[in-house]
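Here the protein sequences come in this chain order: G and Z.
In terms of our numbering, the first sequence has 257 at position 257, counting the first letter as 1, and numbering is strictly consecutive.
In terms of our numbering, the second sequence has 332 at position 46, counting the first letter as 1, and numbering is strictly consecutive.
Please keep in mind that the hints were generated in silico from the structure rather than gathered at the bench.
Restraint-style ranges between C-beta atoms, simulated for each label pair:
#  : chain 1 : residue 1 : chain 2 : residue 2 : range
1  : G       : VAL155    : Z       : LEU452    : 33 to 41 Å
2  : Z       : ASP401    : G       : GLY130    : 51 to 59 Å
3  : G       : PHE280    : Z       : ALA324    : 40 to 48 Å
4  : Z       : THR423    : G       : VAL78     : 31 to 39 Å
5  : G       : MET1      : Z       : LEU452    : 53 to 61 Å
6  : G       : VAL270    : Z       : GLY373    : 30 to 38 Å
7  : G       : ASP261    : Z       : PRO378    : 34 to 42 Å
8  : G       : ARG160    : Z       : ARG516    : 46 to 54 Å
9  : Z       : VAL343    : G       : GLY266    : 49 to 57 Å
10 : Z       : VAL343    : G       : LEU106    : 37 to 45 Å
11 : G       : GLY79     : Z       : GLY453    : 41 to 49 Å
12 : Z       : GLY326    : G       : VAL270    : 42 to 50 Å
We treat Cβ as the ideally placed atom computed from N, Cα and C, and that holds for glycine.
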Amino acid sequence: MIQALISGLLLGGVYGLFSMGFSLAFGVMRIINFAHGAMVMIAMYLVFYAYTLLGIDPLWMVLLAPVAIAALGSVVYVGVYRRFVGRTTLQQLLAAIALGLVLQSLAELAFSPETRALRNSWGSHYILVGGVFLSYAQAIAFAVAVICVALVELVLRFTRWGQAIRAVADDAEAAEIVGQNAQAINLGAFGLATGLAGVAGTVLVTYYPFNPVVGFSLMPIALIATVLGGLGSVGGAFLGGIICGIVQQMTSALWAPALQDLPLYGLLLVFLAFRPYGLFGRRAAH
Amino acid sequence: MTALLEVRGLSVSYGGLRALKDVSFSVAPGECFVLLGANGAGKTSLLRCIGGLVRPVAGAISGNGLSLLGLRPSAIAHRGIAHVPEGRRVFPHLSVFENLSVSWLRRPGGPTLPDAVERIYGMFPRLAERRHQLAGTLSGGEQQALAIGRGLMNSPSLLMLDEPSLGLAPVITRQVFSQLNSIRESGIALLLVEQNASSLDLATRGLVLANGSVALAGSRDNLRDSAFVRRAYLGL
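One chain only, chain G, in its complex shape (with noise of 0.2 Å):
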């Protein structure tokens, strides 16, 4: 019970991770992308042939995968999501889905189908804390998720950058007319979602097993935990996601491990149903 517990915390700690770029790209952008996926799972892919081929430990790629990703995030801006800003559109969902199935088989195509797993020094450590197994790398990744979401919030609440990032979030018009440079903006906006996305693929595969569809399987979570957040809050996108583990590692240890999803995907309903605005969500958010 304990255990399933802890566990939840640390795996939530990483859905929460994956979820807030996905959720700071809603809030900013109303900018669906269903694409994050597929960008941590390239991350994914990145560090473990960073680690096989070159050596790299894993730890340091949490520095350099973020940078990498946010890149290749703002390419996607600039090519795709640009013209989609600002309202959430049927042409901007399908074009999202169409990225991702894109950079999915793009990745089939480069690092074949098979599953994989990176193993390092490091990875399959256990501690024993207080009787309950800790996994040394689940520790770790979910270390990275707290510091993240801190600083994240840290930077949206007092730096100037992060008020003009909630300025185009709350009516992008009144922020050109300020002087802010919406479309600047949206696009550092984005690449912070997409080196989030970064950041998630790196600590993730130390010791999650993966293969080019991990991105699209982990999806779901990422919307959950966004609506439980309340859409577009990034620390609420975090406590959403830790929900969505304990959850999760709860209904497998107290139930059945086949029914782990069943809860989580009634509690996306509930929330739809009677509280779309989520739990830390503002009702105003759309």
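Based on the hints, put chain Z in the right spot on chain G.
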């Protein structure tokens, strides 16, 4: 003297529907130019076009002799032409301070952020009291003050205001107009869009728009004496 703002032969269409037709006027430094007109006469389109939010189909707009056509709205704001939009459009989930701070741009020779914010707080003490409050929770008059304060953060040479009296109680409207008068006295020119004809008290010159065209233009006294304005706006 170069006009602060020069509009020549401006026409705007929305999907074939003509909103403005061949509008020309200019605003000189330090004056208060009033645009009067009924709902749908094209006043807001005119301001949005000058502010870079709407592209004209014909005509020219220049600020201090340089063309503003094709510039992003943010670039026009950087040129010293501030736009206080219709409906105030404050950032509801940002605090009063953040609304001002996000509207400030670092410029060589410009005021520092604390100086610029303090100047606005000096003009609108209510905003100082509520500096940490979310802008969405302010009253209409306070939001209007914040929207004006936001426009002043970059010490513009021209402040364009789209119906600042809209939805405000008459007593609050009088306060806003008296603030605008002190802003003008400090040397900032105003381009004021209004339906409220008491804005004529502030005006040096102005024009009346009807169906997208200039129906009447002249000095404040010309406008006030015209039978058209007296009937349509002053209820005389």
